[in-house]
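Student: Sequence:
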Amino acid sequence: MLGADLAVAAHDSATSQWMASDYWSAGFSFPTRDTQQDVTLVSVARHSTAGSGGGATDDGGSTLVALRRPLESCDPNGQDRPVLNDTRQTVVFAFGRGAFGYHGTANRGQAEVNLVPSATAAAAAPAPALPALTVLDMRMPNFTVPAAPTTYECVNVELPSDAKYHIYRFEPIIDNTPFVHHFVAYACAPGAAPSTAPGVPYSCGDYMECEEFYMGWAPGVGAIDAPPSAALAFGQGSIRYLSLQVHYTNLNGAQGQVDSSGFRLLYSPTLKKFDMGVLTIGSYDIAVPPGATSYTTAPNVCPSACLGKLVAGSGAGAEGLTLVESFYHMHQLGRSMITKHVRGNVELPPLGRRDYFQFDYQAAVDIPPATRTLLPGDTLITTCTYTGAGRSNVTKFGLASYEEMCFNFLNYYPYNPNITHCVGVAEINMATCATGALLDKIRTEADVQKAADTEELVPLPPNDWSYKPYQPTCKRTAPYQTADDDDDDDSSYGPHHRRNVGGAVAAILIITVLGGVAVFVVFRVMRKRRQAEEEQHLFEKYNPSSISLPVVPAVGPAQPGGLGTPGFGAGAGPSTSAGAGTTYNNGYQGLSSIAV
Numbered sequence: 001m002l003g004a005d006l007a008v009a010a011h012d013s014a015t016s017q018w019m020a021s022d023y024w025s026a027g028f029s030f031p032t033r034d035t036q037q038d039v040t041l042v043s044v045a046r047h048s049t050a051g052s053g054g055g056a057t058d059d060g061g062s063t064l065v066a067l068r069r070p071l072e073s074c075d076p077n078g079q080d081r082p083v084l085n086d087t088r089q090t091v092v093f094a095f096g097r098g099a100f101g102y103h104g105t106a107n108r109g110q111a112e113v114n115l116v117p118s119a120t121a122a123a124a125a126p127a128p129a130l131p132a133l134t135v136l137d138m139r140m141p142n143f144t145v146p147a148a149p150t151t152y153e154c155v156n157v158e159l160p161s162d163a164k165y166h167i168y169r170f171e172p173i174i175d176n177t178p179f180v181h182h183f184v185a186y187a188c189a190p191g192a193a194p195s196t197a198p199g200v201p202y203s204c205g206d207y208m209e210c211e212e213f214y215m216g217w218a219p220g221v222g223a224i225d226a227p228p229s230a231a232l233a234f235g236q237g238s239i240r241y242l243s244l245q246v247h248y249t250n251l252n253g254a255q256g257q258v259d260s261s262g263f264r265l266l267y268s269p270t271l272k273k274f275d276m277g278v279l280t281i282g283s284y285d286i287a288v289p290p291g292a293t294s295y296t297t298a299p300n301v302c303p304s305a306c307l308g309k310l311v312a313g314s315g316a317g318a319e320g321l322t323l324v325e326s327f328y329h330m331h332q333l334g335r336s337m338i339t340k341h342v343r344g345n346v347e348l349p350p351l352g353r354r355d356y357f358q359f360d361y362q363a364a365v366d367i368p369p370a371t372r373t374l375l376p377g378d379t380l381i382t383t384c385t386y387t388g389a390g391r392s393n394v395t396k397f398g399l400a401s402y403e404e405m406c407f408n409f410l411n412y413y414p415y416n417p418n419i420t421h422c423v424g425v426a427e428i429n430m431a432t433c434a435t436g437a438l439l440d441k442i443r444t445e446a447d448v449q450k451a452a453d454t455e456e457l458v459p460l461p462p463n464d465w466s467y468k469p470y471q472p473t474c475k476r477t478a479p480y481q482t483a484d485d486d487d488d489d490d491s492s493y494g495p496h497h498r499r500n501v502g503g504a505v506a507a508i509l510i511i512t513v514l515g516g517v518a519v520f521v522v523f524r525v526m527r528k529r530r531q532a533e534e535e536q537h538l539f540e541k542y543n544p545s546s547i548s549l550p551v552v553p554a555v556g557p558a559q560p561g562g563l564g565t566p567g568f569g570a571g572a573g574p575s576t577s578a579g580a581g582t583t584y585n586n587g588y589q590g591l592s593s594i595a596v
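Residue 383 in UniProt numbering sits at position 383 of the sequence shown, and the numbers go up by one each step.
Keep in mind that the hints were calculated from the coordinates and are not lab data. You can trust all of the hints, since none of them are fake.
Below, computed lysine-lysine pairings styled on DSS-like, alpha-carbon distance capped at 30 Å: (1) Lys396 to Lys441; (2) Lys309 to Lys450; (3) Lys309 to Lys272; (4) Lys273 to Lys309; (5) Lys468 to Lys309; (6) Lys273 to Lys164; (7) Lys164 to Lys272; (8) Lys396 to Lys450; (9) Lys309 to Lys441; (10) Lys164 to Lys309.
Now the in silico label distances, taken between C-beta atoms and shown as ranges: (11) Arg81 to Asp225: 22 to 30 Å; (12) Gly191 to Pro117: 38 to 46 Å; (13) Val258 to Phe30: 38 to 46 Å.
Positions of the beta carbon are idealized from the N, C-alpha and C atoms, including for glycine.
Given these sequences and hints, build the entire structure.
Tutor: Structural data, given as structure tokens:
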């Protein structure tokens, strides 16, 4: 579990005791027990089915284990991750029988969970019922994958335009998984139409007929739900055409492979308050040395000169833009990525970060509340870190799987359709501040000057620009113990028992015994410890048989040409609707979730 902060609960059949411990993992290896132990056992409630003996490892029955962990542990060794307020975070879980060890590929899973909902959200009235949703599938139409190692294929899709619509959810349809690297949908500007007829595949490795990043899929991404107040728009007065671009990888030259991957859109004419948009930030300046242990790009600045225009053109006013989530995208060499947020000359908490990037698992990162508002005068700075291990040549920016990228696709609202790219270009000491379609026309020095005059290119900050770095402060929510500060013999193997130490309860772990195996799932967050009599009746309040994992995945990337469209380096594929016009009157009832 790469980069995981683990709370482990286990039942020792020899002593008939439950134990809990704090672990962490920096790689795909046996986890390491934290030096500072921050997980304690609160209670265990066991429920037996008829005919079972009631033991924790019996076939049938369920067991509910409550664990305590500080929301913020201030672990000086960097072995814990904070549980963030009002922010969706990735939770992984695994289970097994016998000695503490590898759980295998079947006994594991993940979910995107808001562990600590905001007080405002918790006190709010129930969410309004979803409107009737119509389904539109846009897919690559049974395309035969070429034997070439890398292929970018597109198909154009015409969307309904009789009214304006909002997309309440989109999810991937993944057909021939081994050959699909990624796929992206790009939008043509309102009033513009692509030259290739809808439904006809065409090669698009060098040129996109629609330019603006709209939505994307990469490994690890599942269904994406729109936030409560905004959604992607199309239809009357808005976007009418999309280009679905699929990046295929066929390293072994396999023949006769057919694919029809793409997106499923769930949309409605019932509009949310705002249109949502995507701003592309990141860097083209990538040159990873062969064999390098670590290489970090120069900080790429999206300057206040552009972000001020973005805010002003959105109509947001003094309240500024609301940032929803970041989707960080790199390729196989990517190891970590961060976007810093500077207001004036003071750095705020980052928009988010990926400290352990893995191409096979990509997901959107919610913007934390402290940095969720973008105001005029703000600056965004993005850096990416890579390894050059196993490479014999310098790896540069490019679309192919063996090349690299560094992009953050930033979802926000209200939408400003006139600015979709803000990427610093060191060679001209300017940053892009326009749409991909306009930037693709910048190819000569005269074009650069013209774009600067119209502020489609804006100056980067001067070389002597500086700001006060962000200094995180940490307030621990509970006392801690060291690894040697307990009643057990720490030389023994596996989880150790933890004493209760008081303080805030971070999460309840649900352990459901199904056929003799224990399933660990984060269920809910408690602000304070429940009274003892409540803990004795947890099973009466939370029936493990009724618990299901939420599947809420993420968002994706974009494509190249001129100074415009950045590429995903993994594809996206459209085709006209199979299932268009299907209406669901009860929200998402009857729709299958896409498990990650």
